[in-house]
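The whole structure should be built from the sequences, with the hints applied where relevant.
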Amino acid sequence: MRNVFLFIRSNFNFLFFLVLQIISLSFLFRYNKFHEAAFMNASTEITGRVNEKFDNVAYYFKLRKTNDSLISENRRLHQALKENFEAPDSLRRLILDTLKTDSGKMFLKYNFMEAKVVGNTTALQANYLTIHRGSSELVRPNMGVVSPQGIVGTVVNVSEHYATVMSLLNRQYKVVVKLKNGGDRGTIEWDGLNPLFVTLKDIPKSASVNKGDTIMTSQTSSLFPANIMVGTVYEIVDDKNASNFYTLKIRPATNFYNVEYVYVIENLQYEEQKRLEDSTRKKFQ
Amino acid sequence: MSELLKNIIRYVLFILVQVFVLFKVPPLHRFITPYLYFLFILWLPFNISRTLLCLVGFLFGLSLDYFSRTPGLHAAACTLIAYVRPFIINVMISQEGTDKNYISPSVTSMGWAPYITYVLVLTFLHNAYLVFLEWMSFGSFIYFLGKVTATTGISFMLIMLTELLFYRKQKFRTNTV
Chain A
1 MRNVFLFIRS NFNFLFFLVL QIISLSFLFR YNKFHEAAFM NASTEITGRV NEKFDNVAYY
61 FKLRKTNDSL ISENRRLHQA LKENFEAPDS LRRLILDTLK TDSGKMFLKY NFMEAKVVGN
121 TTALQANYLT IHRGSSELVR PNMGVVSPQG IVGTVVNVSE HYATVMSLLN RQYKVVVKLK
181 NGGDRGTIEW DGLNPLFVTL KDIPKSASVN KGDTIMTSQT SSLFPANIMV GTVYEIVDDK
241 NASNFYTLKI RPATNFYNVE YVYVIENLQY EEQKRLEDST RKKFQ
Chain B
1 MSELLKNIIR YVLFILVQVF VLFKVPPLHR FITPYLYFLF ILWLPFNISR TLLCLVGFLF
61 GLSLDYFSRT PGLHAAACTL IAYVRPFIIN VMISQEGTDK NYISPSVTSM GWAPYITYVL
121 VLTFLHNAYL VFLEWMSFGS FIYFLGKVTA TTGISFMLIM LTELLFYRKQ KFRTNTV
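So the sequences go chain by chain: A and B.
Using the working numbering, the letters of the first sequence correspond one by one to residues 1 to 285.
Using the working numbering, the letters of the second sequence correspond one by one to residues 1 to 177.
No wet-lab data here; the hints were simulated from the structure.
Mixed in with the good hints, there may be bad ones.
Pairs of lysine to any residue, SDA-like flavour, derived with a Cα cap of 25 Å [unchecked claim]:
1) B:LYS24 to A:THR122
2) A:LYS62 to B:LYS24
3) B:LYS24 to B:ILE159
4) A:LYS201 to B:PHE141
5) A:LYS53 to B:TYR11
6) A:LYS274 to A:ARG140
7) A:LYS201 to B:HIS29
8) A:LYS174 to B:PRO26
9) A:LYS53 to B:ARG10
10) A:LYS174 to A:PHE197
11) B:LYS24 to A:GLU114
12) A:LYS174 to A:LEU124
Structural data, given as structure tokens:
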């Protein structure tokens, strides 16, 4: 016993170093389970506040770009108003029935909530955004996040007034999207090489793909409403017929360097869908 | 200004500069992430005990981790260089009693060549360990080598710029206490 104590005393520094290493590595590799619950909530609240202070300054430098993107979004929404559609006066007329969306919330599936971005990284391998809207403002983990230009990511962590969003530029992020032209579905992920491009995989070679084709969200992702802009095809990577699936280089529609405002999307029917899917899985296990 | 207060201010400043300036810089190349924050550990005083040094390194890395949302990544790298630092200093100090006559490692206290070696070795260790941990979860070997080299080069350049811009005067204390 005495020797054990002597050993600890003589090698105290090295053992202390080892303990600290083990603590930090366990933080790193068991991040998703234990650590998130234990520390992340409190730390998000603190780092969120610092981020907000900084953003108050940086915000002024991006006002022009923010304004531009909001104006172009406004224009798009004005374009969709029913007053813009008018058929000639005849027996057959185009009538846009707005009753479904207006009366009651029965059919409403997606609810948009605006939020300000107060923290954002693009230089790392795992990039996250911090938004100034948290659990007391109805944000929950696993909600989709879009910017005026296109999709941004998914909420992963929520504190009282802040939430962190795993952005498209994160190695762990995956989302199901489709080609606008043809509707073939594939998965978007990031290879961590260049923050200007993401990769789209699993599109079968039977689909017709050209440079500049639009990629949109698919209704099967259940985080995002269908037909929200994701990006455009920048390059079709030549794999010399090694696979039956395309690998496409996609330029995201969202500019992650100057995103200022985002919308958090709540899927009001998600619970029901998930319950059904889970019970189906249990039944046929 | 007392040495403790000075270091507390540095602690906050280095974290803020790293998070709000260097992480915000648009990437020049996929291999390059400009790291400067660990200079805080290199500037800590000579007389700090090795246990405390490790602990400070760990906490310092962890504070950065909470901003970049990668708990443990920078903490592991900082703990490593904080642990190795005393060994390198022992090898690099040429004259007897430098660590008693001066407060902290710098060009004036150690001389140009030993100080640069000290910075280079620790920068390399920090970046190699950091990229190694990243590489464990993804990436190829070319990525590992390229990123370690490029990041070390950029970090070293940034550290030298900081040394020249914020020249630290060090008084020679004659009476060895």
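How the hints compare with the structure:
1. For the suggested pair B:LYS24 and A:THR122, the alpha carbons sit about 7 Å apart, so the restraint of at most 25 Å is met.
2. For a cut-off of 25 Å, the pair hint linking A:LYS62 to B:LYS24 stands: about 14 Å separates their Cα positions.
3. Restraint check for B:LYS24 and B:ILE159: satisfied, since their Cα atoms lie roughly 18 Å apart, inside the 25 Å limit.
4. Restraint check for A:LYS201 and B:PHE141: the C-alpha separation of about 23 Å stays at or below 25 Å, so the hint holds.
5. The suggested pairing of A:LYS53 with B:TYR11 holds, with an alpha-carbon distance near 18 Å, which does not exceed 25 Å.
6. The hinted pair formed by A:LYS274 and A:ARG140 meets the criterion: a straight-line CA distance of about 15 Å does not exceed 25 Å.
7. Under the criterion of a C-alpha separation no larger than 25 Å, the hint pairing A:LYS201 with B:HIS29 is consistent with the structure, at around 24 Å.
8. Among the hinted pairs, A:LYS174 with B:PRO26 is consistent with the structure: their alpha-carbon atoms are about 23 Å apart, no more than 25 Å.
9. For the hint linking A:LYS53 to B:ARG10, the alpha-carbon distance of about 19 Å falls within 25 Å, and the restraint holds.
10. A hinted pair counts as satisfied when its Cα atoms are at most 25 Å apart, and A:LYS174 with A:PHE197 qualifies at roughly 14 Å.
11. Restraint check: the Cα-Cα separation between B:LYS24 and A:GLU114 comes to about 24 Å, which is no more than 25 Å; the hinted pair holds.
12. A distance of roughly 17 Å separates the Cα atoms of A:LYS174 and A:LEU124; the hinted pair therefore holds under the 25 Å criterion.
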